[in-house]
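Engineer: The whole structure should be built from the sequences, with the hints applied where relevant.
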Amino acid sequence: MSGEVFVNFPFIIVALLLAIGFYTIGFKRNLIKVVIGIEILEGAVNLFLVALGYVKGGYAPIYTLAPPEAANPQNMVLPTPQALTLTSIVIGVAVSALMLAFAVNIYKHYGTLDVTKIRRLRG
Amino acid sequence: MIEHLPALMIAIPLFGAFVAPLFKKKQNLAAVWAILITAVTVGLSLLLMYQVRLNGVIVYVFGADRPTLVLPSGYKVPIRIMFEIDGIGAFMAISATLMSFIGALYSYSHVKAESGLEKYYALLLLLEVGILGMVLTGDLFNLFVFLEIAGIAGSALVGFRNYRGEASEAGIKYLIVSAVASLMVLFAIGILYGEYGNLNLAYISKQVSFNTLDMIAFGLLFTSFAMKCGSVPMHYWVPDAYTEVPAGINPVLLVSTYASLYALFRVSFTLFANISISLARVGWIMSVLGVLTMFIGVTMALVQKDVKRLMSYHAISQTGYMLLGVGVGLTVLHDPKALAEFGKTAMAGGIFHIINHIIYKSLLLMTAGALFYVTGTRNLNEMGGLARKMPITTLCFIVGAAAISGLPPFNGFASKFLIYESSYRLNPLLAVFAMVTSILTLASFVKVFASAFLGPPLEKFENAKEVPKPMIVAMVILALLCILFGLFPDVVLDKLVYPAVDALIRIAQYQTWGGLA
Numbered sequence: 308m309s310g311e312v313f314v315n316f317p318f319i320i321v322a323l324l325l326a327i328g329f330y331t332i333g334f335k336r337n338l339i340k341v342v343i344g345i346e347i348l349e350g351a352v353n354l355f356l357v358a359l360g361y362v363k364g365g366y367a368p369i370y371t372l373a374p375p376e377a378a379n380p381q382n383m384v385l386p387t388p389q390a391l392t393l394t395s396i397v398i399g400v401a402v403s404a405l406m407l408a409f410a411v412n413i414y415k416h417y418g419t420l421d422v423t424k425i426r427r428l429r430g
Numbered sequence: 002m003i004e005h006l007p008a009l010m011i012a013i014p015l016f017g018a019f020v021a022p023l024f025k026k027k028q029n030l031a032a033v034w035a036i037l038i039t040a041v042t043v044g045l046s047l048l049l050m051y052q053v054r055l056n057g058v059i060v061y062v063f064g065a066d067r068p069t070l071v072l073p074s075g076y077k078v079p080i081r082i083m084f085e086i087d088g089i090g091a092f093m094a095i096s097a098t099l100m101s102f103i104g105a106l107y108s109y110s111h112v113k114a115e116s117g118l119e120k121y122y123a124l125l126l127l128l129e130v131g132i133l134g135m136v137l138t139g140d141l142f143n144l145f146v147f148l149e150i151a152g153i154a155g156s157a158l159v160g161f162r163n164y165r166g167e168a169s170e171a172g173i174k175y176l177i178v179s180a181v182a183s184l185m186v187l188f189a190i191g192i193l194y195g196e197y198g199n200l201n202l203a204y205i206s207k208q209v210s211f212n213t214l215d216m217i218a219f220g221l222l223f224t225s226f227a228m229k230c231g232s233v234p235m236h237y238w239v240p241d242a243y244t245e246v247p248a249g250i251n252p253v254l255l256v257s258t259y260a261s262l263y264a265l266f267r268v269s270f271t272l273f274a275n276i277s278i279s280l281a282r283v284g285w286i287m288s289v290l291g292v293l294t295m296f297i298g299v300t301m302a303l304v305q306k307d308v309k310r311l312m313s314y315h316a317i318s319q320t321g322y323m324l325l326g327v328g329v330g331l332t333v334l335h336d337p338k339a340l341a342e343f344g345k346t347a348m349a350g351g352i353f354h355i356i357n358h359i360i361y362k363s364l365l366l367m368t369a370g371a372l373f374y375v376t377g378t379r380n381l382n383e384m385g386g387l388a389r390k391m392p393i394t395t396l397c398f399i400v401g402a403a404a405i406s407g408l409p410p411f412n413g414f415a416s417k418f419l420i421y422e423s424s425y426r427l428n429p430l431l432a433v434f435a436m437v438t439s440i441l442t443l444a445s446f447v448k449v450f451a452s453a454f455l456g457p458p459l460e461k462f463e464n465a466k467e468v469p470k471p472m473i474v475a476m477v478i479l480a481l482l483c484i485l486f487g488l489f490p491d492v493v494l495d496k497l498v499y500p501a502v503d504a505l506i507r508i509a510q511y512q513t514w515g516g517l518a
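Protein chains in written order, with my numbering: chain A, 308 to 430; chain B, 2 to 518.
I should point out that these hints are in silico values taken from the structure, not numbers from a laboratory.
Check before you lean on any hint, since a few could be wrong.
Stated by the list, open to error - Listed next, the in silico SDA-like pairs over lysine to any residue satisfying Cα-Cα at most 20 Å (straight line):
no.	chain 1	residue 1	chain 2	residue 2
1	A	K424	B	N163
2	A	K335	B	V181
3	A	K415	B	L381
4	B	K306	A	R426
5	B	K120	A	L405
6	A	K363	B	E196
7	A	K424	B	E167
8	B	K466	B	F373
9	B	K448	B	P500
Here the structure is a predicted model, which is why all the values come from computation and not from measurement.
Structural biologist: Structural data, given as structure tokens:
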């Protein structure tokens, strides 16, 4: 029973992080905190991807000089999710940089980061 | 050369995007460069459509020694990045490249006074890359990457006029929506990968069994793409983004929205097509969302004073027609008799409406951009009597307004008529809502026409002149397309739309990887 909980531990953390992320995006008034909320969501999704491909006690997914027992695909950590995670991290950096740039520009024009006050566009 | 066509579709605008920042000193050259690159991609996409019609589904495998090689020896499933292009992919590619070309042409004079134009054109080309990648790819993760490229480039363009606070506000709204939506897409992709160990669309669609996890993944994908295509109730970012973006980018941004719509169709029709009972329910959800979207969009539009914002609400409303048409088709997908009777017509109407709407809404938003260019304001109450000063813009506006309201000789009528006819067969109420929306649309455009173009000439616009030539050329091309598509809808339906509908319906064809496997 406790072993099962341990296997599912990363997924419980993913669910927790998703909840925290959505809470932050939905209920925080500071724009920077909203951006941080999106970063938390991204962390959750990345953790989910990495946890998917993890094999307990497995070998690193590198074929050169691998020990013979690693040749069995069951013993090797899946490489694709790791590649996906790397790509997603790089994209996430670009997105957060752009969001923070927008936030700085908004602060320059509105003098506040409170999302309830940044409402010139409406109707 | 010809077998590398799918790769070139991405490579050429990407090359253009990375070269464009080099024209920092000569910003006119950057504009000419962008026009040139987008013109080349228009040619390539037409060639692609020709190839698809000739040979059926094109499969292009990146990194294989022959492009036709699908299965590397020893593997039973495709593990490389693949592009898979069928009728609807090619159809969307034509829309995307055409609108990028028109947008670049219009931008030549429209944003001439701004600074940092080399980055503007680089972003425009990047946005085109994102859209083309989304509609051509046959790989789920690739779809996510291109979705993010389009989202980042699009929101950077929305915030392009960074001396205005409103532009940044609209930009960050758009970016937050697209970031959350694409993260949820990635999450769903993770679920599907965990279950089936592959990222290929065709492969997963063969394996999919629709257990609880699949249902979660489907729900996430459906909601995220509905969010990104601006359907009610996630439509709030659309008017802000469309209003603040420079008018030359509007066509491309519209297509990028419809690329998400394409992804929604692709997910519903290809990825999860094998679930026969629930799919009818999904189709009903799509149709009802469509009706709500068109009705709420148009009622919000009626009360607007800002001319571009009014038209942006119409963009939401028109998205509803596409959702309705294709939703009706999805509802009867597993009922061959109903599908042949009206389902196919409904889908043809919905898909035909995509290209029609892109054409006339770009035209309308460009005339709004022209009004802004001349008067410096977007407030309808401050305009008046511009018809004599800007005759060509006025004519273009009339054509666009007639088309969007679905008046007979123009293209809006051709596709809306198909939708009325066929959605009536599913449920008469759907058709009634669609027609009422059309009438309200006409009402709001009469309002714009009366307050901006008619009335006594105002003193402050004494010296107002017609807009520069590149803008006129772009608008006239679109107006002519409106009339042509309206006069000869059968040609477009036969050559472009029905291949696209068939591609969505014939899922088996998509799954065979172009005759192999």
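Engineer: The structure should be examined with respect to each hint, and the outcome stated for every one.
Structural biologist: A quick look at each hint next to the structure:
A distance of roughly 19 Å separates the Cα atoms of K424 (chain A) and N163 (chain B); the hinted pair therefore holds under the 20 Å criterion. Between the alpha carbons of K335 (chain A) and V181 (chain B) the distance comes to roughly 16 Å, so the proposed pair stays at or under 20 Å and holds. Of the supplied pair hints, the one linking K415 (chain A) and L381 (chain B) is violated, its CA atoms being roughly 29 Å apart against a limit of 20 Å. For the given pair, K306 (chain B) sits about 17 Å from R426 (chain A) by alpha-carbon distance, which is consistent with the 20 Å threshold.
Between K120 (chain B) and L405 (chain A) the alpha-carbon distance is near 14 Å, which keeps this suggested pair within the 20 Å criterion. Taking the CA atoms of K363 (chain A) and E196 (chain B), the gap is about 18 Å. The hint holds against a cut of 20 Å. With a CA separation close to 12 Å, the supplied pair K424 (chain A) and E167 (chain B) stays within the 20 Å bound. A distance of roughly 12 Å separates the Cα atoms of K466 (chain B) and F373 (chain B); the hinted pair therefore holds under the 20 Å criterion.
Annotation: proposed proximity of K448 (chain B) to P500 (chain B) is violated, straight-line Cα distance about 39 Å (limit 20 Å).
Hint violations for this structure: numbers 3, 9, all remaining hints satisfied.
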